[in-house]
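Each protein sequence line maps, in turn, to chains A and B.
First residue of the first sequence? That's 1 in this note's numbering, and the numbers climb one at a time after it.
First residue of the second sequence? That's 1 in this note's numbering, and the numbers climb one at a time after it.
It cannot be assumed that every hint is accurate.
As a list, the in silico DMTMM-like pairs of lysine to aspartate or glutamate whose alpha-carbon atoms are at most 20 Å apart [as the list claims (entries may be wrong)]:
hint, chain 1, residue 1, chain 2, residue 2
1, A, Lys290, A, Glu301
2, A, Lys29, B, Asp200
3, A, Lys29, B, Asp126
Over the 10 Å line for every Cβ pair with chain A, so calculated as not near, a few chain B residues [stated by the list, open to error]:
hint, residue
4, Ser9
5, Trp28
6, Ile113
7, Ala121
8, Gln158
9, Ser244
10, Tyr265
Distance windows between CB atoms, simulated [stated by the list, open to error]:
hint, chain 1, residue 1, chain 2, residue 2, range
11, A, His161, B, Val106, 46 to 54 Å
12, B, Trp227, A, Pro28, 42 to 50 Å
13, B, Asp44, A, Gly303, 55 to 63 Å
14, B, Arg231, A, Pro339, 48 to 56 Å
15, B, Gln129, A, Thr88, 51 to 59 Å
16, B, Ser244, A, Asp307, 54 to 62 Å
17, A, Gly303, B, Arg231, 53 to 61 Å
Just so you know, these hints were derived from the structure itself, not from any lab.
Yeah, the Cβ is synthetic: ideal placement off N, Cα and C, and Gly gets one too.
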Amino acid sequence: MQCLVMLRFRTLAVLFTMALVAVGCDSPKAEFHLDRVFLHKTFGEPESREEADSLRNQVQNLKEVMVGLFGNPDEPHVPQLTDLDTTTVLDVGLIEMAAGRVASDEAGRGRGLYREHCAHCHGVSGDGAGPTAAFLNPYPRDFRMGKFKFKSTPLGVKPTHDDLRKTIIDGIPDTAMPSFRLLDDDEVDSLVHYVRYLAIRGEVERRLVMEVMTELDTGDLILDPEDRSNALVEENLELVKGAVATVVGQWANAASQVTEIPSPPDQWDSHDSVQRGRDLFFGSVANCVKCHGQLALGDGETGDFDDWIKEIDEKDPASKAPDFLALGVVEPRLLDPRPIRPRNLRTGVFRGGRRPVDLYLRIKNGIEGTPMPAAPASGLSEDDIWSIVAYVRSLPQEPISRPEVQVEYTRERL
Amino acid sequence: MNSTIHCESPWPHRFALVLVCVTFPLIWVGGLVTTYDAGMAVPDWPSTYGYNLFLYPWTTWFAGPWDLFIEHGHRLLGALTGLITIALVIVVWRNEPRRWVQWLTVMALVIVISQGLLGGARVIQDARQLAKIHGCLGPAFFALATAISVVTSSFWKQGPQLEIIGNTRSLYRVALFTAVLAYLQLIFGANLRHIPVTADVGQFRVALFFHLAGAAALALHVTILIWMVFRLTQPVKALRRPVSLLALLIVMQITLGVASWIVKYLMPISAEGRLREGGFVIEADGLLQALTVTAHMAGGSLILALSTMLALRAVRLAPSGTESSASFFCTSSRLTELTT
Chain A
1 MQCLVMLRFR TLAVLFTMAL VAVGCDSPKA EFHLDRVFLH KTFGEPESRE EADSLRNQVQ
61 NLKEVMVGLF GNPDEPHVPQ LTDLDTTTVL DVGLIEMAAG RVASDEAGRG RGLYREHCAH
121 CHGVSGDGAG PTAAFLNPYP RDFRMGKFKF KSTPLGVKPT HDDLRKTIID GIPDTAMPSF
181 RLLDDDEVDS LVHYVRYLAI RGEVERRLVM EVMTELDTGD LILDPEDRSN ALVEENLELV
241 KGAVATVVGQ WANAASQVTE IPSPPDQWDS HDSVQRGRDL FFGSVANCVK CHGQLALGDG
301 ETGDFDDWIK EIDEKDPASK APDFLALGVV EPRLLDPRPI RPRNLRTGVF RGGRRPVDLY
361 LRIKNGIEGT PMPAAPASGL SEDDIWSIVA YVRSLPQEPI SRPEVQVEYT RERL
Chain B
1 MNSTIHCESP WPHRFALVLV CVTFPLIWVG GLVTTYDAGM AVPDWPSTYG YNLFLYPWTT
61 WFAGPWDLFI EHGHRLLGAL TGLITIALVI VVWRNEPRRW VQWLTVMALV IVISQGLLGG
121 ARVIQDARQL AKIHGCLGPA FFALATAISV VTSSFWKQGP QLEIIGNTRS LYRVALFTAV
181 LAYLQLIFGA NLRHIPVTAD VGQFRVALFF HLAGAAALAL HVTILIWMVF RLTQPVKALR
241 RPVSLLALLI VMQITLGVAS WIVKYLMPIS AEGRLREGGF VIEADGLLQA LTVTAHMAGG
301 SLILALSTML ALRAVRLAPS GTESSASFFC TSSRLTELTT
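This is chain B alone, in the form it adopts within the complex (with noise of 0.2 Å):
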């Protein structure tokens, strides 16, 4: 990486950013299908019940029912990030210096074609597991578009700030490291809500733990780097306000997940029946239900891409060519500090 990027054009990054703004509810649908479980709304694809995607009435979008509605916007939304990234590749081609950002691009256009495909299978062949993939691939999509409208950001030019960051040039690693644990949760997250009816109680019990194990795990991590951000000699706004929304989004998140379950299957075991003796009946698929699993599900895509953003600003901010496995090495010790 170069320390200096001589790139005036400010059009890649406002295609990446137009390409984020895009995909987040393009999330937001896909998840509402899955609640919805409207996923075979529409039996045929690429077509829309044998029309030309873009050519389907609007009116019977419109005025049919729900889960078509859903499925077939998804479908729209989804074509429609597919030629922002298109058009992101050309701008990006065109106007940015930098070959390894072109090549990001470049593969941001395989993965939502990738995306669009694994979509299309799992329709075509009715296959609950592709959804599944399908639910896991689009929250990585998105990150990387985050990454790309990080490293095409004025931030990302101006280089790194070795007389703010001297003092913790470990701390992408952490960061980098929650970043990944965000995307294992959200696939442990992805196992359990697509759980299939065949499955057995031991199955889902394994899934669950899984998911509350990294739910635990990733809560820590960003705490310690929520710790290790505040305790920078210099305060450096580019990381504080991303984990500091990232700590809020955490919060949010395990409330969100909390509130998934009761509104699914009411207050978790409670052998005498004390905390559910409210007369409260649960409405199935109700807007109640619908909104909190889905915002729990989109929230963990939010997670993911903060945490991105923060490991790749984290990177950026630190010295280049200087670290050392020495410094590697202080970073782990002091973790395993904290965590034990």
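Next comes chain A alone, as it looks inside the complex (with noise of 0.2 Å):
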């Protein structure tokens, strides 16, 4: 009995104790981390220790020049490039805005935006791995891909301003990305710019990363700071400003790929036409019944998995995520690989926007980093495709939509 006693004060010393160690720890200071998954899956496993000191050599070369271009999270920088503006882009302004250590002024005018609103679950590198990430379904997006799935624009092209801010100021129903619609313009507009800042951080590092594992040998480093002279130090610089160019000017270049909407047609939500956009639902050219299922419920074919999943392993990402998690690399999408779902069309909820125009863009671009495709060029004119958004919108309204009635209906096909 002494024992119980003597056990459960200790218990309580135990916790007290732990509890005040909680408190004290400090918390480290925010860098920018390079994305592990992708290194250790483009370079692999080392065969040597040669081999793994020279790889670790590379790797610090390339964080180093990654903080040259990029800064860190409480300095960004912008990468200067003399044939192109990356102003428009990157405004520095708005970036050093959402940027550091949450603050204000008198005015009201915030800083340090983003680690008060984003990266709690985001993450401060931009990577989806922020500390409540594991928690959220689906995960919180992981920027450094530069993929982002509601925009108005084709697939493989870049967002546009506006569609990041829509999402910002929108939200997105039934996941944990809140609406910011409370905050000023220029707050939105400031977090528009640093999220862009982290994507091309990590698209850029990806590059460099892809650059030193095909055009470097074995060793070399992208930048040697010791030797400036050297002429393949100025060819590599080309390389490094070259793969800048190149992730800015495609977000540079994305309001001029927005895709055009054509007005609807006449009686383009008649019953004839949700019935026609039955019929394609269900045709060989559009397909949707393939995943959303026959009743429209997101349960035709399953176990596929998105891109961010995808790069884990593309066939089975369950069984290679211990291999990056015995790296120490602690990412939601590792511990838990989970496969996409598509969408149940009948509950009216759509996660890119609910208007008609939402929905005809869905289907004609198709949803980046996800299974679902772009309509295809031919086979489906603009007509059938605001047929099929009529039938999409209708789903919610039939009977056995309403669950209710699907108890009735499910009595009945039993």
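Taking the hints as your guide, dock the two standalone chains into a single complex.
Next comes the structure, spelled out in structure tokens:
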């Protein structure tokens, strides 16, 4: 009995000490991390100690180059290019407003907006691995691939400024992504620029990793600070500038590649049009039924993954994830590589927006980074797409979409 | 502790009550400062944008940005609390014969000064860890102010009521443990709320686990406490009322905890996503989110204060000098029976 009492007070003492230690623990300095999953996939496992050492040097050098180009979370830089104006894509003033530690001045102008509003889920590096990320479904977006789902541009093209603004202001229904409509316009713009900065930084990093892998000899540094006169260094400097210019250029060109949305034809949401949309939904050209299922409940072909999970492994990410975890990479996608689930079209909730134009864009352009493809260029006319929009919009109105009727429907089927 | 207290002045208790009543809103406003991440809305300390704290133009304060409004308001309320604590020390030292009560007020003064300095250091060094410690010390001060109000109350002065409580002299140990658990849980909560953005998913998971485990342990303890209080041979209002209120607060607090998660991240993970298909969009920093999260934080302080009050009343009701290790172990064995 006495032991039990002692145990009770010992437990209390241990708990108290743990709590005090937890309170006293200091938080580490914010810094950008390299994408270790991508690094490991690209370089593979070193075969010898020498190879491991030279790889470590190359990665360290790459990290220094990235800091030189983009700075750090407290003092971000925007890389300067002679033949490309980067300011339209990366506004230094707006980026600085979102970067660094959280504060505001007497006029209410905020600083550190990214850390205040985004970093707990999206992570300081924009890797979608903030402290809360593992508990969210879907996982927060990893910006480093430069892929964004909901946009007005075709697959493979970057989102526009307004696309990112829309997601931040509207939020994404039924996910942990909130609406930031209470923020001022310049604060939202600041976040858009910062998200773009993180995406560009991530994409440049990926390109440079590939360049190191394909263009440099084993052990060669991408930029050797002690050898500025070397022609090889000059060549590599061009290589770095080229990587930055390519990525920034893609973002700068996004606005000119926005998908034009034709006006819907007359009677586009009539009964006949809905019926036509239904035929197309089940037809072999659009073949929406393949993933969204016979009842459009999102219960068709499942088990596919989005591009962020596929980066672990195309076919079987779950079996490869432990390899990365063993390296000490702690990311939610590695802890639980969830398959992507096709949308249940009967709920009337569409993450990219429920307006007809939003649905048109999703069907026309597909959804970046997911198995949702773009509408085939031949075989589906603009009117066909509008008919599918009309059919999809009609689904939540059907009797079986309502739970109380669904029960009866199930009974009927039984 | 003497069984009867010869102190006729009502002022120590009145001042202690005022201190409790001012500290609770202070905790609320402090919670709002964290909720809105407004700790650095005023970059200097102890001045406010170069002004003496009390001379900062009220028009700018009221018409200025929200973050400035709550941060400066928090400082003013903190200063007021400090002044009331000083007054309490003076009143108690002049009117209260019990030396230990006098020193209790000195302890309160030391804590309130330390709390002010911690708040200032948090601003000057822009250190979030200090904000976390500041957030944990505040409720401790609130509990101490409550304790002072209990020991200066007329209830305390009546002395132990042996005939009422004779069969449960070990109740106060459970009550004390509950108060300690309430404070531990508050620390776990602060740890979760102040988790740095540089933490990884594992650290958040551990912090969340401790907070949930703490909630379960506290709820269990309060249940045991209710059972112990209500099984007394005679009803003791001085215990029944606070323990009932404590139970209500625990239910409210658990509800607010779940609600805090939902208004920030929506429903907890559901692999099928069925639970969340209502088209709901969270509004960041909206009124619903801010009030829910802050109320959950303030609720923790209220539970701590109430469990402190309950523990002290139980201590006072227990017969002094009669407890033996046998009675102590008796409580423990009873608890073991209950928890297994």
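Against which earlier hints does the structure fall short, listed by number upward? The structure breaks hints 10, 11 and 15; every other hint is satisfied.
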